[in-house]
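Student: The chain contents come next:
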Amino acid sequence: MRILVNGVWRETESRDLAATLAELGYGGRVITTALNGEFVAADTRSRTPLAEGDRIEVLAPMQGG
Amino acid sequence: MLKLYGAELTSRLLLGTARYPSPAVLTDAVRAARAEVVTVSLRRESGGERSGQGFWSLIRALGVRVLPNTAGCHSVKEAVTTAHMAREVFATPWIKLEVIGEDDTLQPDVFGLTEAARILCAEGFEVFPYTTEDLVVAERLLAAGCRVLMPWGAPIGSGRGLNNLFGLTALRAHFPEVPLIIDAGLGVPSHAAQGLELGFDAVLINTAVAQATDPVAMAGAFAQAVAAGHAARLAGPIEPRNFAEPSTPVIGQAFLG
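From first to last, the protein sequence lines are chains A and B.
First residue of the first sequence: 1, per this note's numbering; consecutive thereafter.
First residue of the second sequence: 1, per this note's numbering; consecutive thereafter.
Incorrect hints may appear among the rest.
[What the hints assert, rightly or not] Calculated pairs, DMTMM-like style, for lysine to aspartate or glutamate (alpha carbon to alpha carbon, straight line, at most 25 Å):
no. : chain 1 : residue 1 : chain 2 : residue 2
1   : B       : Lys-77    : A       : Asp-54
2   : B       : Lys-77    : A       : Glu-38
3   : B       : Lys-3     : B       : Glu-197
4   : B       : Lys-77    : B       : Asp-28
5   : B       : Lys-77    : A       : Asp-43
6   : B       : Lys-77    : B       : Glu-139
7   : B       : Lys-77    : B       : Glu-8
8   : B       : Lys-3     : B       : Glu-126
9   : B       : Lys-3     : B       : Glu-123
10  : B       : Lys-77    : B       : Asp-103
11  : B       : Lys-3     : B       : Glu-177
12  : B       : Lys-77    : A       : Glu-11
Since the hints were made in silico from the structure, they are not lab data.
Every value quoted in this text rests on a predicted model; they were computed, and no experiment measured them.
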């Protein structure tokens with residue numbers, strides 16, 4: 001299944017958001033996520049199924065003004 | 001004592017964390033500024049990167065409050081979603097709400113700002129809206145539930161100081177009880193001192209410190225200016241006048257002509 005992660009097309013075998021994040025190397029990281037423009041809380045990622053062409057944003061703390 | 005949404009702060013200088021030459025300089029600048037609140041943001045991070053994780057460890061080690069921003073958001077939806085994401089990561093109801101309306105000046109879209117503020121305040125966020133000095137917009141933001149306002153001094157990163165002294169003075173006079181923080185556009189410590197002298201409660205600085213030749217020294221200079229400006233406000237500045245008034249008593253002056 002092809003999904004768009006932070007603007008880059010990726011192949012994933014996983015079917016839900018939590019498993020996909022683990023597959024992409026985000027395990028144990030301080031991150032926050034959105035699916036197709038909607039916030040997905042950390043505790044609901046494993047109950048959030050993914051579909052072909054989904055857009056995922058994975059954001060982390062960063063410097064800001 | 002400065003009170004922002006119930007948080008009592010002794011420092012009236014809030015510091016941004018972007019654009020420093022290194023993490024070590026950022027750390028030293030926060031300490032030199034004696035800042036108790038720093039702004040932070042969210043950006044994309046790939047599975048192989050670790051910069052965000054390192055940055056967050058550095059900030060937590062400083063023991064300061066964080067004020068996450070919605071920088072770069074141009075719509076209500078983007079700003080609201082970013083606020084939700086920030087609340088999860090940073091574990092704070094505080095949000096510096098930015099809805100940008102114009103890219104050359106980074107002027108706030110005050111219509112989107114008031115709408116996003118209404119949504120977020122209703123959801124329990126403690127919103128710090130980045131706004132203009134417009135009185136009507138300020139009124140709308142307060143009606144939306146904001147209890148702090150952050151009017152700009154000048155466009156972000158411009159270093160121009162307080163562009164609209166009349167407007168800012170009117171804002172201060174119109175809302176005497178609302179904490180007002182001048183956010184953006186200050187370039188040198190005298191701008192910050194001027195803001196505090198006008199009665200503003202605090203200033204938020206980023207570029208002027210981070211991009212200085214010596215950011216740590218500049219952070220210390222801003223801290224002194226903020227303290228001086230606040231002390232001067234409390235001391236009661238004189239009113240400007242159009243004509244000279246001798247400061248040395250004229251009574252008893254010798255006639256030597």
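Student: Take the hints in turn and mark each one as holding or not.
Tutor: Quick rundown of the hints versus the structure:
1. B:Lys-77 <-> A:Asp-54: 18 Å, holds
2. B:Lys-77 <-> A:Glu-38: Holds, at about 9 Å.
3. B:Lys-3 <-> B:Glu-197: 18 Å, holds
4. B:Lys-77 <-> B:Asp-28: 36 Å, violated
5. B:Lys-77 <-> A:Asp-43: It holds: about 22 Å lies between the C-alpha atoms, which stays within 25 Å.
6. B:Lys-77 <-> B:Glu-139: 22 Å, holds
7. B:Lys-77 <-> B:Glu-8: 31 Å, violated
8. B:Lys-3 <-> B:Glu-126: Holds: B:Lys-3 and B:Glu-126 sit about 13 Å apart, inside 25 Å.
9. B:Lys-3 <-> B:Glu-123: 21 Å, holds
10. B:Lys-77 <-> B:Asp-103: 18 Å, holds
11. B:Lys-3 <-> B:Glu-177: 11 Å, holds
12. B:Lys-77 <-> A:Glu-11: Not satisfied, since the Cα-Cα distance of roughly 28 Å exceeds 25 Å.
The structure fails to meet hints 4, 7 and 12 from the earlier list, while all remaining hints are met.
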